[in-house]
Amino acid sequence: DQQVKQNSPSLSVQEGRISILNCDYTNSMFDYFLWYKKYPAEGPTFLISISSIKDKNEDGRFTVFLNKSAKHLSLHIVPSQPGDSAVYFCAASADGGTSYGKLTFGQGTILTVHP
Amino acid sequence: GAVVSQHPSRVICKSGTSVKIECRSLDFQATTMFWYRQFPKQSLMLMATSNEGSKATYEQGVEKDKFLINHASLTLSTLTVASAHPEDSSFYICSATEGAGAYEAFFGQGTRLTVV
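Those sequence lines, one after another, are chains E and C. FYI, in our numbering the residues of the first sequence are 367 to 481. FYI, in our numbering the residues of the second sequence are 721 to 836.
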């Protein structure tokens, strides 16, 4: 049962335009969401996160939106740069306690930004 | 962010041998570390939660006798793949959180294990 889903395996965007990566989840116990960027043969790098009590979090070129009622979140990158080309993973965490840091990942979306 | 170092980055071993992978938190203490594996073109799947000073908690379907986890100090967790077989070939990644109540997990560089 895939509790975190990224339905788009890949996304291609022109440099300077906006990249929008989507993520859906099914587990209503998830209360914290994170986006990671990953290159082949490397560990994921943390990008941005959002708590379920918020609907938006912004950090530089990266903005994450959360729609709890739809169980949907998205990552916006604007403007997109060729260096953003990587695999992006959406991840979710349930209530705290022993679950802190325990993440459920989506399948990933390959983002390619063309010059 | 916090730095997590994983070693080795790549290992090739013969079938039947055991392989140890180390995960260290370099600039913080981690009471809890996590071990994931990733098959090609798939997501990261949590294998186990490593708890300092106590037994690891394994996810359903993960063999605790094959994937031995030791978290002997606040900065080091090890994963030993016992009697490795070709089907154990995968990308293994560890992560740790900085401080109690921290959701953001920081990941090591990963270890590519190939069993021949």
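If you're looking for bench data, these hints aren't it; they were derived computationally from the structure. A quick note: this is a predicted structure, and the numbers were derived from the prediction, not measured. Some hints could be false.
Simulated DEER-style distance windows between Cβ atoms [said to hold, decoys possible]:
| no. | chain 1 | residue 1 | chain 2 | residue 2 | range |
| --- | --- | --- | --- | --- | --- |
| 1 | E | N433 | C | G736 | 46 to 54 Å |
| 2 | E | L377 | C | G736 | 38 to 46 Å |
| 3 | E | S376 | C | L794 | 39 to 47 Å |
| 4 | C | P806 | E | K434 | 26 to 34 Å |
| 5 | E | H442 | C | P806 | 23 to 31 Å |
| 6 | E | S378 | C | G781 | 31 to 39 Å |
| 7 | E | T392 | C | I732 | 37 to 45 Å |
| 8 | E | G449 | C | S738 | 21 to 29 Å |
Rough simulated footprint, nothing fancy, chain E against chain C, three-plus residues with beta-carbon under 8 Å [to be verified]:
| no. | region |
| --- | --- |
| 9 | 732-742 |
| 10 | 759-766 |
Quick reminder that beta carbons are idealized off the backbone N, C-alpha and C, glycines included.
Open item on the list: Let me make sure I understand: some of the numbered hints might not hold for this structure. Which ones are they, in numerical order?
Closed with: 4, 5, 8 and 9
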